[in-house]
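Enquirer: Chains as they are written, first to last, in this note's numbering: chain A, 530 to 1292; chain B, 112 to 268; chain C, 79 to 311.
Worth double-checking, as some hints may not be accurate.
Said to hold, decoys possible - Calculated Cβ distances over 10 Å to all of chain A for the following chain B residues:
(1) E113
(2) V114
(3) K121
(4) T122
(5) V123
(6) V124
(7) D125
(8) D163
(9) R179
(10) S180
(11) L221
(12) P227
(13) L257
(14) E259
(15) K260
(16) G262
Stated by the list, open to error - Just so you have them, the derived chain B footprint on chain C, three or more residues with Cβ under 8 Å:
(17) 88 to 101
(18) 145 to 151
These aren't lab readings, by the way, just hints derived from the structure by calculation. A virtual CB, placed ideally from N, CA and C, is assigned to each residue, including glycine.
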Amino acid sequence: MDKPEYRSVGKSVRKKDSLQLLLGKPVYTEDIAPDALVVKLLRSPHANAMVKTIDTSKAKKVPGVVDVYTWEDVPNQRFSNAGQTYPETSPYDRLIIDRHVRFVGDVVAIVAAENEKAAQTALSRIKVEYDVLEPVLDFRTAKDNPVLVHPEDNWHMLCDLGGDNTRNLVGTTSDAGGDIEAVLADCDVVLERTYHTKAYNQAMMETFRTFTQLDRYGRLHVISSTQIVYHVRRILSHALGIPKSRIRVEKPRIGGGFGAKQTAVCEVYPAFVTMKTGRPALCVFSRKESQTCGSPRHEMEVKVRLGANNDGRIRALGVTTLSNSGAYGEHGWATVGLTGHKSIPLYTGSLEAFKFDANVVYTNMQPSGAYRGFGATQGQFAVESAVNELAAKLGRDPVELREQNMVREGMAMPAYFGEMANACALDRCMQHCSDMFGWKDKFPVRDMGNGKVRAAGVAMSMQGSGISGIDVGSVTVKLNDDGGYMLLIAAADMGTGCDTILAQMVAEHMECPVDAVSVFGADTDASPYDSGSYASSTTYVTGMAVEKACTQLKERLCAIAAEELGCDAAELRFEGGCVRHEATGRTVSLSEIAAKSQCNCRLAPEATAQHSSPVSPPPYMVGMVEIELDRETGVVEVLDYAAVVDCGIPINPALARIQVEGGIVQGIGHTLMEDVTRTPKGAIRESSLFTYRLPTRLDTGRINVEFEHSYEPTGPFGAKSIGEIVINTPGPALAQAIYRATGVWHRELPILPEHILLAKPKE
Amino acid sequence: MEVKIKLNGKTVVDDIPADMLLIDFVRAHGCKSVKRGCETSACGLCTVMLDDVPVLSCSTLVARADGRSVCTLEGLQAEASEFVGFIADQGAEQCGFCNPGFVMNTIALLRENPDPTDDEILAYLSGNLCRCSGYVGQLRGIRAFLDEKHGKEVERG
Amino acid sequence: MMWLKMGNHSLGTAIDLCGLGLDAIEETDEEFRIGAMVTLRQMETHAGLDAYSRGAIKAAFQDIVGVQFRNGATVGGSLWRRMGFSDIVTAFLAMDSYVELHEGGIVPLERFVNMPYDKDILVRLIVKKRPGAFAYQAVRKQRTDLPTLNCMAAKLGGEYRVTVGARPGRAVLLRDDQGILADGITEESVAAFAEHAAGSIRVSGNMWGSAEYRRALAPVLVRRALLALGEVR
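Work the whole structure out from these sequences, hints included.
Expert: Shown next, in the form of structure tokens:
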């Protein structure tokens, strides 16, 4: 494939905010918030209870306390905190404060005080009597359980997705192709396996936080660490019962999101306080609140039925998923779909039949939300592990087995809504990764003495690029007075670098240096509508909006120049720094056009364009890991992680590489050290970074990342997404390496040293 | 209680509650680079220099800093600028929230050990968590800085 | 301070001992005198301690959270709390160590570890420089996590001493009362001692590991630490 020569795209440009961040400038919500009321939340110690009585009188008397709000003070109008396109697929099951508290940590009261100490003191002075109810703490028994998490009458959904609060159901989904029972009956080998993954926490370094105030027009001005400014505006409008036009939401720099901030976890509390008091308010979640009252990954149990022939042909795949949404239903239905739709299509190669069924249930546990990978991670841990188990059973090399069955370019994927694999270099990723990693040498188990063995594992992955037929990306590109450009977006750079990546695209289209493009975002008062940054959408969807806007802007600039030159715009050509009259060679510089646009001109030198894609082209990836496992202690050391990714054309290779490295390390954390356990009463034990162990830089091993290019015809410059896929391979690859070293398949994550040492080989 | 602290070279006298933590003090005095990432002394985001020694400001009482010097990234811009561009070249700053603590501790490392090995870098910085970058890009950045610096020194002879 | 801030209790009056000059390690021909305010990092980087412990102090301290934490955490704070998981207690308990208490005088660390909390003040740690060899072992589920189990083996003069901590109860000191190691460190003698040691210490479960896991780890760490001693020799 001939690669076009780009000047800005495909270059490892520094992030536009890099030095501000590295030099510690005040660019985050808490840094820029002026003096404000401190907002603190009293949280339920019970997993399921009714507030019988609540006495706030002593708390209100604490000097410095401005007010204390309870369930009696909030509207009885249910809403969803999910940052999704309207009408959301998540149930309207929340109140700002509900008399019925549904998990340990659910909000019982809001305290607004002049300072931290007064707020803390007030929390301890609120007297609550609870009617403690029996909680649902096992998601396997939640469906049709006599205990209902949401018995209320005004629970509702905007779409019929199988949700039913009288059955503890958030939603159901299914898909099928071919006759799976018939094909399974005809297979030489049928594996039925059940896998379990937990409610991992995004643990972004900046916890949830929001500042609110009334602006000079009396509108609610929200500055929040969020990935979804427009959705937050809608959510606040629903929750507070005020028109969207009375709300402005902006995000400053964000200290990490990974999907956590695709849910409006904390916005509503300070917003409520500001609406009640008229005063600025700031709510900063503690790490404990972030860990126990946030929006982590959905815990899931995934059953796989895999049918194959002795020659290695994978002919049938069944996936049945049970997802634990916790006490509220944010992203529940949307997430679970990916467990099937993003796992089964990997084996399109020789697949004759597939079936996918899923239930999402309510429990009295921390509500889940969106986390990088969004269901694909859970589904692929199951399916990729099952394929690795098949390889072991057939005595096949798992790389060769995948090469025999994988999806390849040009194939239609029946289990992925029939989408075509237009750009798919998965086969090349596998080859490249094998060579780079040295698969042939590392796959055999090697005894290193002193109880230590080395072993390897492999997995592959796909994700999507935006939500097909739903996500909307828009940008405005304006010519500045000095001939540079301004790019206005509502996509949310949460550290990923999308501001810079989109600016690179503008620079490429407008034939100018990246430095000539300034970026502003995201602010509902100034940015054009964008769904926000989630679902691996920004580069792919918003990137196409950039392409459209730039095309329109060039035409517009030619039209303004035509007025200056007194000719027809069609005679002019945009040439980067200027517009040229083809016939005469006369040129008008961009600053001349800018000046012209400000004097006796009816054309604005700007263009706004919007994009939405009917398809969601998957990026593909292969990951391979080598471990050293201590058979006497169960401790696993990651030695080498090799990954090759097909994200189409990487717009910024350095930033793409960091995405891959960061995602792999999160995946290593979920597989080997991050755990979520609960007390018998349903409280999360791993409620701090002291107990919820994130990988340090001593835990990662060497990570080598390379790319295989493909060209996605529907993406900007051939690009697909990369943000999410990168978290998916460590789980199954590490589980396989551990099996190779110990003879035991671990089908539940995390796999802690203790699990390894105490497990007894079975088969 | 009254404390007198040299904060980034300037003497600050303040009347503080005895249980005030250093992180809250420096932030109240405009040093917003200092971030709180946890409440359990686990993340390294709040690293400041106390008499040139890197400590966790979330786990240090202001009272302990009385009569001593405290330095935050606001006071070490030039020293940080020597190498942070190399991190930016890798894109390894990412969300940036952990950067000030990471940069402060890297300064401490390089003062103590101007030519560290990769293993020494990893060990010294192991108390600085980062959830975005996966760490290896930060290591590449520091390595590139050291290679250029020491390469130049070799050239100069 | 590190632990204090994680709790949620009120103190009427707190007195900082930082002005007492207890922030230095004094080394004489006979002993190390380590002031209560000496930080873990000071000990870890002290050339004399490193040479005497043959790297074991550094090995025991290097995975405690991070450099900044170890610059703040003090030996006094670590020893006084006598936390079960403490790498500091496990390491020094295997040595010929004493604490100097303001009221109680000089007390062997082995006794101090089992004393009830009182209102005394720990002034310094004293480590006698009895010639010896030391080796440290620990298992952590993540590199800078608390240990699931830790162990220090020492040969002091002719005496073998093995400490096991993070059981998760307070560290215990085992001696070779039965002479299992009387003929020196061999694969066989060490394995026998490890089994004996594992059988004589009590373990239980917490978030960092179950009793069953600790029971399985104990002989492994004891054996490895003792074998490492042999290598040192």
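Enquirer: Now tell me if each hint is right for this structure.
Expert: Okay, the hints, checked on the actual structure:
Every CB of chain A lies more than 10 Å from the CB of B/E113, the least distance being 19 Å, so the non-interface label holds. With a cut of 10 Å on Cβ distances, B/V114 stays outside the contact zone with chain A, its closest approach being about 18 Å. The beta carbon of B/K121 sits about 17 Å from the closest Cβ of chain A, which is more than 10 Å, so the claim that it is off the interface holds. Consistency note on B/T122: stated as away from chain A, and its beta-carbon is indeed over 10 Å from all of that chain's, at 22 Å minimum.
Against chain A, the non-interface label of B/V123 holds: every CB pair exceeds 10 Å, the least being about 18 Å. Even its closest Cβ contact with chain A, about 21 Å, leaves B/V124 beyond 10 Å, as expected for a residue assigned away from the interface. The beta carbon of B/D125 is kept farther than 10 Å from every beta carbon of chain A, the shortest such distance being approximately 16 Å. With a cut of 10 Å on Cβ distances, B/D163 stays outside the contact zone with chain A, its closest approach being about 18 Å.
Every CB of chain A lies more than 10 Å from the CB of B/R179, the least distance being 21 Å, so the non-interface label holds. With a least beta-carbon separation of about 18 Å from chain A, B/S180 lies farther than 10 Å from that chain, consistent with its non-interface assignment. Distance check for B/L221 against chain A: the nearest CB is about 15 Å away, which clears 10 Å, and the non-interface claim stands. Annotated as non-interface, B/P227 keeps its C-beta farther than 10 Å from every C-beta of chain A; the closest such distance is 13 Å.
With a least CB separation of 16 Å from chain A, B/L257 remains clear of the 10 Å interface cut-off, as annotated. Here B/E259 stays apart from chain A, with its beta-carbon at least about 16 Å from theirs, past the 10 Å limit. Taking the minimum C-beta to C-beta distance to chain A, about 17 Å, the non-interface status of B/K260 holds against the 10 Å cut. In this structure B/G262 is separated from chain A by more than 10 Å, as the shortest Cβ-Cβ distance comes to about 21 Å.
Counting residues of the stretch 88 to 101 of chain C whose CB falls under 8 Å from any CB of chain B gives 3; the rule of at least 3 is met. Note: the stretch 145 to 151 of chain C has 5 residues with beta-carbon separation from chain B under 8 Å; the three-residue rule is met and the coverage holds.
Comparing the model with each numbered hint stated earlier shows that all of them hold.
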